[in-house]
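J.: Sequence:
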Amino acid sequence: MEMEKLTATACCNNGNVNYGRVADKSSSSKFPLTFWEMAVASAVVLGFLLGLLCVYLTMPESDYSFLKLPRSLEDLQILRDHLENYTSDYTVQVLVGYCTVYIFMQTFMIPGTVFMSLLAGSLFGVLRGVALVVFAATAGASSCYFLSKLIGRPLAFSLWPDKLSFFQAQVSKRRERLLNYMLFLRLTPTLPNTFINVASPIVDVPYHIFFLATVIGLIPAAYVTVKAGIALGELRSVGDLYDFRSIATMFLIGVVTVTPTLMNKNKP
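Sequential numbering from 1 applies to the sequence shown in the working numbering.
By construction, these hints were calculated from the structure, which means they are not laboratory data.
Note that this is a predicted model, so its numbers are computed, not measured.
Every residue, glycine too, gets a C-beta built ideally from N, C-alpha and C.
Below, in silico cross-link-like pairs of lysine-lysine (BS3-like), each with a Cα-Cα straight-line distance of 27 Å or less:
(1) K163 with K173
(2) K163 with K149
(3) K149 with K173
(4) K227 with K68
Label-pair restraints from in silico Cβ distances:
(5) A231 with F211: 28 to 34 Å
(6) T190 with E61: 45 to 51 Å
(7) W36 with D81: 40 to 46 Å
(8) P111 with S42: 18 to 24 Å
Based on the sequences and whatever the hints tell you, model everything.
T.: Written as structure tokens, this is what we have:
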């Protein structure tokens, strides 16, 4: 009887301790970033804003009320119509401003980069537009990767605990052919690109593999979007960008890239 009482008391005490830890964890998870992590993120934001300010100061005096992040095709067409007047005379400023905005949106997972890709096609044509989008998207994904490596772990576990566990398990199983798997993810909508950018350093995806998969994997989608930007006036919705043929082609390419990984896994 004495032993049973001691055991019951110990279990209750352990339960109280565990409950306290869970409570502390849940209370701290309301805002997962510490003061220093917020300071790092704020410094990055400030750096981007200073870059945009420098671009703005080198542009001619004019009414720039049209400058805003496009949220619809109508906003994008207005932005395109105004920027066409500046692109030929102030090409460097437009390019720097475009890349800064695109990288900023990718770094902080701000939706709307599809409109920026359409804008690249409308302003610069297919070849230069694809090169610009792939460069800016890769730079933004890399910026997000390194920022997440510094401060992203608590945020990722707070936002996507189940998805992060799934990604970790898949990466662990495919270490020998990780590039093929990362290419598959970039080419198909299996996981969102924003999640891949944030989660990759947390699950120990090496940067060189992340970089190669991003550069190569973004080319097909960039080509489709940039090409559609040339005929911007004919688009009725963003859904018109990806027809069944385009999606099936990219998915087929993704399956081809991941096939060596699956074959290697099934070997005895």
